[in-house]
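Asker: Sequence lines, in order, name chains A and B. Just so you know, the first sequence maps onto residues 1 to 330 in the UniProt record's numbering. Just so you know, the second sequence maps onto residues 1 to 330 in the UniProt record's numbering.
Be a bit skeptical, because a hint or two may be false.
Treat identical chains as interchangeable: a pair holds within one or across any two.
[What the hints assert, rightly or not] No farther apart than 25 angstroms at their CA atoms in a straight line, the calculated lysine-lysine pairs in the DSS-like style are these:
| hint | residue 1 | residue 2 |
| --- | --- | --- |
| 1 | K133 | K9 |
| 2 | K38 | K103 |
| 3 | K30 | K5 |
| 4 | K215 | K38 |
| 5 | K233 | K9 |
| 6 | K233 | K215 |
| 7 | K215 | K284 |
| 8 | K9 | K173 |
| 9 | K5 | K133 |
| 10 | K133 | K56 |
| 11 | K284 | K34 |
| 12 | K233 | K30 |
| 13 | K133 | K38 |
| 14 | K35 | K133 |
| 15 | K233 | K56 |
| 16 | K34 | K133 |
Note that these hints are calculated values from the structure, not bench results. Note that this is a predicted model, so its numbers are computed, not measured.
2 protein chains.
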Amino acid sequence: MASIKDVAKEAGVSVTTVSRVMNNRGYLSKEVRKKVEKAIEVLDYHPNQIARALQKNQSFFIGIIVPDSNHPFFSDLIKYVEISANEQNYKLLICNSLEDPQKEAHYISMLRQNQVDGIIMCSHTMNIESYQKVDLPIVSFDRFIAAHIPCVGSDNYRGGELATEHLIQLGCKRLLHISGPLDLDVLSNRRRDAFVITCMKHGLDYDIIEGAHNKLTFDYFWSFITENLSPDKLRTYDGIFCSNDIAAYALFIYAEQQGIRVPEQLRIIGYDYHSFTRMLQNPKLTTIMQPSERIGKTLTNTLIQMIEHKSGELINNITVDVTLIQGDTT
Amino acid sequence: MASIKDVAKEAGVSVTTVSRVMNNRGYLSKEVRKKVEKAIEVLDYHPNQIARALQKNQSFFIGIIVPDSNHPFFSDLIKYVEISANEQNYKLLICNSLEDPQKEAHYISMLRQNQVDGIIMCSHTMNIESYQKVDLPIVSFDRFIAAHIPCVGSDNYRGGELATEHLIQLGCKRLLHISGPLDLDVLSNRRRDAFVITCMKHGLDYDIIEGAHNKLTFDYFWSFITENLSPDKLRTYDGIFCSNDIAAYALFIYAEQQGIRVPEQLRIIGYDYHSFTRMLQNPKLTTIMQPSERIGKTLTNTLIQMIEHKSGELINNITVDVTLIQGDTT
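Full structure from sequences and hints, please.
Answerer: Written out as structure tokens, the structure is:
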């Protein structure tokens, strides 16, 4: 492989000059620049970024740890993180924790050993203390970890409020919320809080059933719903807010099988509006959109700001707006 | 951050001994090993893998270039590539070409500069010559590039044959194939070839309509189908084989809107059986499964074999079996 010396020789200039061209530093005539660029092309020269990383103590790698890169929400998020990182010259390493605390710890250690400049943390199975020990810039998605670790998420409380108000405005009186696990302190629990407060405000009765950890698939929600909601019990509700779209879809299919008409007899609203929901035509789900493109870009930009200590300003937690998407299920 | 010297001091052994423990080389008593492991833990020592990469001339990074990491097929594939790479101690860098040849070239150059050990190439917009120049191990998904670049894919011909035979056995007489772009020499074109040959073998008439490049979304296939298949024309067919599930789903929704009953009046079969299709309940698509888990693992293992020159054996092209999944649309 060609080295920087070969390039200098080919262009008839010094190694320092080649380096100045490549780093775009110092005064250089157009002519010299062209000669060097030509030599780089002719020799098919690729600077060794790993060696530069070691020298500069910056690798331009960032890591992202997700529960499952194949889940439609995280798959959306990864795409926008990658595009936005690439625009700023950073490369993205992806890690699937599969919601296993040991795997999560292994990945954090691996990322540190590989000198990533920072980590976007979207999997939350470890204790808060374990993250606090990591001496690297971290941005967290949807969980408060520590004062020096900014958190980016959608406005979960507002989303829960929008969803519940929507059902109530349509005349629902017997409400149910199907939530994720509530024992972990993650921001998506605010959806439940908003559901409770909004029902109370309107003097309405409500129920909550709570899903388990590590479970994001259709098959899980199908078993969960069919086991926890007998057809008779299901008929006692006229409005159900699901904390994610996959649960809402499983619920819709179940209600249909029981001969319950949606939305006439039962209104269903989900949460996410990720790529799966966008493609789904039958039904088009009514749901709350978490804008994955904006969240992905914000996670990336916040992390890069921290890495580059841009102006040493305070880095704050960031909340991204949510929107109600009207579909056919309410 | 702790250095290897600190670990040696803490454990009361030499740096060489620490290095031998970490590389699991040479004879070491259990006692010494325990002392070193304890010191590593106490000091929270993380070896600098970047420095080691530079020394050893191997980074343990591999890159994967896909058209869109968010498309359900590639999102499936990436998950299994990542899991399988991680099991073998390799880290995965992901790149979205968005089917733009310039972006593809940029990513290849970036990956080389970052000393990845090899590349899994799933985006195919450049000329074959451009890949042949890359002096790194490459494995290609679904496209023959060169003799020294192994290609992994599902048995596209067999898949096309299974799909077409299935329609014919069910009594279909007027067949249509909705394909991807056929001008690029990619292996998925074998689905079309098998469709043609199978129709000819049975003496049946057939039509083909051909989709465009760079288009993988539901919205694209929706416009494409509604523009290229008037309701009257659609009624002339009784069996349609779509070269992917998203097109098959769009076609199903369109047929339903036209009052055409599936499968009674029109049978539809797709191709892929990726995470979107698996979650889809209404309809459950009849389709050909490309096993993304097996393809992902095979891509990764083949690349790692090339990187590690295991036994210097010949690395061949690999074809993975496909299966017919019976759903409600045929």
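Asker: Work down the list of hints and note, for each, if the structure agrees.
Answerer: We went through each hint and held it up to the structure:
When the C-alpha separation of K133 and K9 is checked against a cutoff of 25 angstroms, the pair qualifies only between copies, where the shortest distance is 23 angstroms, while the shortest distance within a copy is 48 angstroms. Within a single copy, K38 and K103 get their C-alpha atoms only as close as 47 angstroms, which misses the 25 angstroms cut-off; across copies the closest is 21 angstroms, which meets it. In this assembly of identical chains, K30 and K5 lie within 25 angstroms of each other by CA distance solely inside one copy; the values are 21 angstroms within and 48 angstroms between copies. In this assembly of identical chains, the alpha carbons of K215 and K38 never lie at most 25 angstroms apart, being 54 angstroms within a copy and 36 angstroms across copies at closest.
For a Cα distance limit of 25 angstroms, the shortest separation of K233 from K9 qualifies neither inside one copy, at 81 angstroms, nor across copies, at 66 angstroms. In this assembly of identical chains, the alpha carbons of K233 and K215 lie at most 25 angstroms apart only when taken from the same copy (23 angstroms versus 45 angstroms across copies). Both within a single protomer and between protomers do K215 and K284 lie at most 25 angstroms apart by alpha-carbon distance, with minima of 23 angstroms and 22 angstroms respectively. Proximity of K9 to K173 under the C-alpha cut-off of 25 angstroms is found in neither arrangement, the shortest distances being 81 angstroms within a copy and 70 angstroms between copies.
For the identical chains of this complex, K5 and K133 are inter-copy neighbours only, at 22 angstroms across copies versus 43 angstroms inside a copy, given an alpha-carbon limit of 25 angstroms. Proximity of K133 to K56 under the C-alpha cut-off of 25 angstroms is restricted to the intra-copy arrangement: shortest distance 24 angstroms within a copy versus 30 angstroms between copies. Within a single copy, K284 and K34 get their C-alpha atoms no closer than 56 angstroms, and across copies no closer than 59 angstroms, so neither meets the 25 angstroms cut-off. Neither within a single protomer nor between protomers do K233 and K30 lie at most 25 angstroms apart by alpha-carbon distance, with minima of 77 angstroms and 61 angstroms respectively.
For the identical chains of this complex, K133 and K38 are inter-copy neighbours only, at 18 angstroms across copies versus 48 angstroms inside a copy, given an alpha-carbon limit of 25 angstroms. Taking the closest pair of Cα atoms, K35 and K133 come within 25 angstroms of each other only across two copies (23 angstroms); inside a single copy the shortest separation is 49 angstroms, beyond that limit. Proximity of K233 and K56 under a CA criterion of 25 angstroms is satisfied in neither setting, with 63 angstroms inside one chain copy and 64 angstroms between copies. For a Cα distance limit of 25 angstroms, the shortest separation of K34 from K133 across copies, 23 angstroms, qualifies, whereas the shortest one inside one copy, 48 angstroms, does not.
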